[in-house]
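Engineer: Produce the entire structure from the sequences given, and follow the hints as far as they go.
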Amino acid sequence: MLHLIEVDSLNDIFRIFLLNRKHLSEMRTTFSPIIRILSSIANLRLTNASTRNKSNISAHYDLSNEMFAAFLSWDMTYSCAIFDDEAKGPTGDLIENRPIAPPRGQYNDERPPPDDLERGQMEKLHRIARRARIHSGSHVLDVGCGWGSFAILAAGVYGATVEAITISEEQKIVVDASIQAAGLTDRIQVHVMDYRDMPPSFHHAFDAVVSLGMMEHVGNEYMVEFFEKMSWAMKLENSVKVFTMTTVPDTRWQLYSSEVDFIRKYIFPGGQLSSVKTLVDAIATAGLNVESIENIGPHYARTFREWGRRFQINFESHIEPALKRKYPDLDDTSIQIFRRKWTYYLAYTEAGFAMRGISESVFVTTREGNLLL
1 MLHLIEVDSL NDIFRIFLLN RKHLSEMRTT FSPIIRILSS IANLRLTNAS TRNKSNISAH
61 YDLSNEMFAA FLSWDMTYSC AIFDDEAKGP TGDLIENRPI APPRGQYNDE RPPPDDLERG
121 QMEKLHRIAR RARIHSGSHV LDVGCGWGSF AILAAGVYGA TVEAITISEE QKIVVDASIQ
181 AAGLTDRIQV HVMDYRDMPP SFHHAFDAVV SLGMMEHVGN EYMVEFFEKM SWAMKLENSV
241 KVFTMTTVPD TRWQLYSSEV DFIRKYIFPG GQLSSVKTLV DAIATAGLNV ESIENIGPHY
301 ARTFREWGRR FQINFESHIE PALKRKYPDL DDTSIQIFRR KWTYYLAYTE AGFAMRGISE
361 SVFVTTREGN LLL
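Using the UniProt record's numbering, you'd call the opening residue of the sequence shown number 1 and step up by one each time.
Among these hints, one or two may not hold up.
[Claimed, not checked] Quick list of the computed label-pair ranges, beta carbon to beta carbon:
#	residue 1	residue 2	range
1	G369	D186	45 to 55 Å
2	S136	E225	28 to 38 Å
3	G369	E259	33 to 43 Å
[Unchecked claim] EDC-like, lysine to aspartate or glutamate: derived pairs with alpha carbons at most 16 Å apart:
#	residue 1	residue 2
4	K88	D115
5	K229	E259
6	K172	D194
7	K277	D261
To be clear, the hints were calculated from the coordinates, so they are not data collected in a lab.
C-beta atoms are modelled at their ideal positions from N, C-alpha and C, and glycine is treated no differently.
Structural biologist: Put into structure tokens, the structure is as follows:
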């Protein structure tokens, strides 16, 4: 970040490290236990207790709506896309140059034809809606609604009524404007609240509870409590909880959970991945069962590449001005540090998915005896 080292391809460097992970892990030193202890202390500092969770989320998602609009697709979905045959699948962008739509501007701007990224996000949102069995009349809870793309699709396309919750004040501004523009104010209500603070009216009220790219912010020590709250909100009969989450391999979970990596320190304070086993155990402890798990990890590698391209293409024209408008005291050095940090983040994560060091899955959970599945 401080521009002390420069390489031609960060992605290639990360791939080399991942290919040699076994050999690197064998390079033990007498300082390794000390480093792990210090990392554990840092983990405690970044915990997602309800008193700290809002500040952890704000540190990332409240940076600038305009900044995120510059590299996300027009629907403003900040989670894994699913690329179909028309987009040439999860590696189509490596085979040929694919068109990239201009960044989102004002709500009344003419919307360009969807590019691969936007089509991929729509494919993912529809897949989630189908997994959740959403239809006209469904009552849906969107936990960690982001900039509102799923809530708008569930209400506008499938005819559901949606309660959407977020703890990001910045995101709510965009969600409210998008709902207004879509004419869905009678079908979607947005609440700024922590999932632990849901009102009594949410108790056993929902046919489907959905979380997309949110559960990485829960923290493993709170995962059972999270699923208990989701079960509390789900109707007693024939309801589902559908979520996407990035996971680390079960074989590496203990090592990962004891350390603070670049992402947890600089990008997502308080963030923590789970493994499939830790999730399944938490789900069962909360009284739910896993209906299905679908691995979509390779698609997340391309999603991060698509975001990375847009981040670089639109940095001078959109991202830098957006940051300076929101943070007028930022100097050019700070702007460039921010750029290098995010360049590292996007490449680092893309390599992790591409080399299968981490994965992304769609989980469908329910209570025993759901006859609709």
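Engineer: Output the indices of the hints that this structure fails to meet, ascending.
Structural biologist: 1, 5, 7
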